[in-house]
Amino acid sequence: MSCIGVSHLSKSYGSTKAVDDISLSVRPGQVFGFLGPNGAGKSTTIKMLTTLIPPSEGSLSILGIDAVADPLRVRHKIGVVLQQPSYEPTLSVEKSFDKYGMMWDVPKKERKKRTEQLILDFDLEHIRKKRNEDLSIGQRRRVQVAREFMHDMDLLFLDEPTVGLDPGARRKLLDYLKKKVETGLTIFYTTHILSEAEYLCDEIAIIDRGRIVTVDTPDALKSRFGNKKTIRIRLQEKRQDVQGMLSGISDCEIDFEGGTNITIHSEQSEMVLLRVLETLSNNSVDIEDLSAVPTNLEEIFLRMVRDAPDN
Amino acid sequence: MHPIIRLVNRNITISLNPGFLIWQIIFPLIYIFVAGFAYAPLISNVPFGTKDLDYPAFLASGMIGFNIMNSTLVSGIIIWNDRRHGMFEQIMSGPFTRSHYILSNICTIGVIGLASASLIALVGYPVFFESVEFSLATIPIIVFGAITGSILFGSLASIISTRLRSSEGFNVVINTVFLFFAFVSTAFYPAQGVPEPLRTAFFLNPLTYLVDVIRAGIFGSITEFVILEMLVLAGMAAILFVIASKLLTRLDF
Chain A
1 MSCIGVSHLS
11 KSYGSTKAVD
21 DISLSVRPGQ
31 VFGFLGPNGA
41 GKSTTIKMLT
51 TLIPPSEGSL
61 SILGIDAVAD
71 PLRVRHKIGV
81 VLQQPSYEPT
91 LSVEKSFDKY
101 GMMWDVPKKE
111 RKKRTEQLIL
121 DFDLEHIRKK
131 RNEDLSIGQR
141 RRVQVAREFM
151 HDMDLLFLDE
161 PTVGLDPGAR
171 RKLLDYLKKK
181 VETGLTIFYT
191 THILSEAEYL
201 CDEIAIIDRG
211 RIVTVDTPDA
221 LKSRFGNKKT
231 IRIRLQEKRQ
241 DVQGMLSGIS
251 DCEIDFEGGT
261 NITIHSEQSE
271 MVLLRVLETL
281 SNNSVDIEDL
291 SAVPTNLEEI
301 FLRMVRDAPD
311 N
Chain B
312 MHPIIRLVNR
322 NITISLNPGF
332 LIWQIIFPLI
342 YIFVAGFAYA
352 PLISNVPFGT
362 KDLDYPAFLA
372 SGMIGFNIMN
382 STLVSGIIIW
392 NDRRHGMFEQ
402 IMSGPFTRSH
412 YILSNICTIG
422 VIGLASASLI
432 ALVGYPVFFE
442 SVEFSLATIP
452 IIVFGAITGS
462 ILFGSLASII
472 STRLRSSEGF
482 NVVINTVFLF
492 FAFVSTAFYP
502 AQGVPEPLRT
512 AFFLNPLTYL
522 VDVIRAGIFG
532 SITEFVILEM
542 LVLAGMAAIL
552 FVIASKLLTR
562 LDF
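Residue numbers (my numbering), protein chains in the order written: chain A, 1 to 311; chain B, 312 to 564.
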């Protein structure tokens, strides 16, 4: 049984389709990454999956429950950390944990125990007495994510949970999530930070303009696109004529940016690079920096979104 | 524990901050003991139903209705804060329905309204105890007034909170509306002798009906007019409650 089963799901606002006929399946105990550029439909999808908004079309099963017919039953079994901050401004961190646990009907003794554990796990000791409204954005985000673990759940939705966190706190959170997954929790995770998805996710879906472009494991995605290498060249000076110089080179895709940055994608990168260097040298174009970039998720993501139909 | 009780518990916890308590206690005390006695030489006995009340007793009983109205601001503030600070979506993605949320707000208003009315009644008792006529019939009238008044003003504050997003807009509108209700009513002074357009405005104001019903309950002067006022109060509370519920149901994420 899949943890999330989505079939031909769409959401329309008037004539605009925010989500257009998506289907996906998430297995229990995995971290499923959901990536896409701004406005791709990630948040609308997450709002449908968390039963906040009903879909216009399609079927939606969460933990084996029909989420459209019985949203309340779904909500009892899931945890949600939405993209926007959510907090009780006048309550202290520890009080807000306690009240949140109470809202989820967690017994008082258990709430106390969990509050202490979360304060420890998320490094919140020094701010435990501070009111939420007095916290920094990063602290507030950490508290918001930590608070969700006050209650039990089978499936956790995290919508860009690391926004505002410093690198240390970000890594700590990712490691905490990995540990939770080992205990059987399933996570649906959206992010803009591709290295995070690569580090955390077992499977990744890329959405663009409301449609799923691809679904695969990070390794499979990399091997699918790994035969193409990426070479980056930075010129010493801005040269507007460089695009024309390199236009005759075949077997590659060349992107130009700002007159000084050249990015080359090719399956025959060595040959192409030689020809590029020769052409630049013949035209007295000086190079400041040259690097070969291993194929990473970010490159794949950018390529998938750029190559998607309609783009 | 039932979801509504859990939400009421949470609502009361987040509402009971020192600022709110000062507003709820100090403010009416100043009115009752400073304005009440300071204006007493200027305003002689005030006729109310079959009774003649001295001004401090009249004002202290009016302050009960006034305080109920003020306390129900909490409802609007809770909804507005929940929307502003992301808690509305958070609650709605938790083990609650919109009905739970709406009903919990109504219950919160009822609890705070009753507590507020009891508090002012207790504090004001030394001022109006000579004229008090409690009976088995009058106490339910006071409770009825407190609950329907709470629902009425709480619904109104909820309606305002669902329509406004900016804190400035919310504060300006809510303070203007409630200032009008407070001073264009019989909470502070009697309608008798007030110039005509203003007198009519007094009776277009639900706070007038609320304080009249509360006074009738306290001083045991239940007339046909008071019964009419109770019906108007209940009718208005029902209408505003339906509108507030509909708006809250349609509130978008």
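Errors might be hidden in some of the hints.
Sample of chain A residues lacking proximity to chain B, with all beta carbon distances greater than 12 Å (derived) [unchecked claim]:
(1) LYS129
(2) ARG140
(3) LYS178
(4) THR214
Simulated coverage check for chain A against chain B, where a stretch passes if three residues somewhere in it have a Cβ under 8 Å from a Cβ of chain B [as the list claims (entries may be wrong)]:
(5) 77-87
(6) 99-109
(7) 185-194
Cross-link-like lysine-lysine pairs, in silico, DSSO-like; alpha carbons within 30 Å at most [said to hold, decoys possible]:
(8) A:LYS99 with B:LYS557
(9) A:LYS17 with B:LYS362
(10) A:LYS17 with A:LYS113
(11) A:LYS129 with A:LYS179
(12) B:LYS362 with A:LYS77
(13) A:LYS77 with A:LYS179
(14) A:LYS172 with A:LYS112
(15) A:LYS178 with A:LYS222
(16) A:LYS172 with A:LYS95
In case anyone wonders, no lab produced these hints; they're calculated from the structure. All C-beta atoms, glycine included, are put in the ideal place defined by N, C-alpha and C.
Here's how the hints hold up against the structure:
1. LYS129: Label holds. Min Cβ-Cβ 16 Å, cutoff 12 Å.
2. ARG140: 10 Å, violated
3. LYS178: Check passes; 24 Å lies beyond 12 Å.
4. THR214: 28 Å, holds
5. 77-87: holds (count 7)
6. 99-109: holds (count 5)
7. 185-194: violated (count 0)
8. A:LYS99 with B:LYS557: 28 Å, holds
9. A:LYS17 with B:LYS362: 68 Å, violated
10. A:LYS17 with A:LYS113: 45 Å, violated
11. A:LYS129 with A:LYS179: 27 Å, holds
12. B:LYS362 with A:LYS77: 61 Å, violated
13. A:LYS77 with A:LYS179: 19 Å, holds
14. A:LYS172 with A:LYS112: 23 Å, holds
15. A:LYS178 with A:LYS222: 22 Å, holds
16. A:LYS172 with A:LYS95: 23 Å, holds
Comparing the model with each numbered hint stated earlier shows that hints 2, 7, 9, 10 and 12 do not hold.
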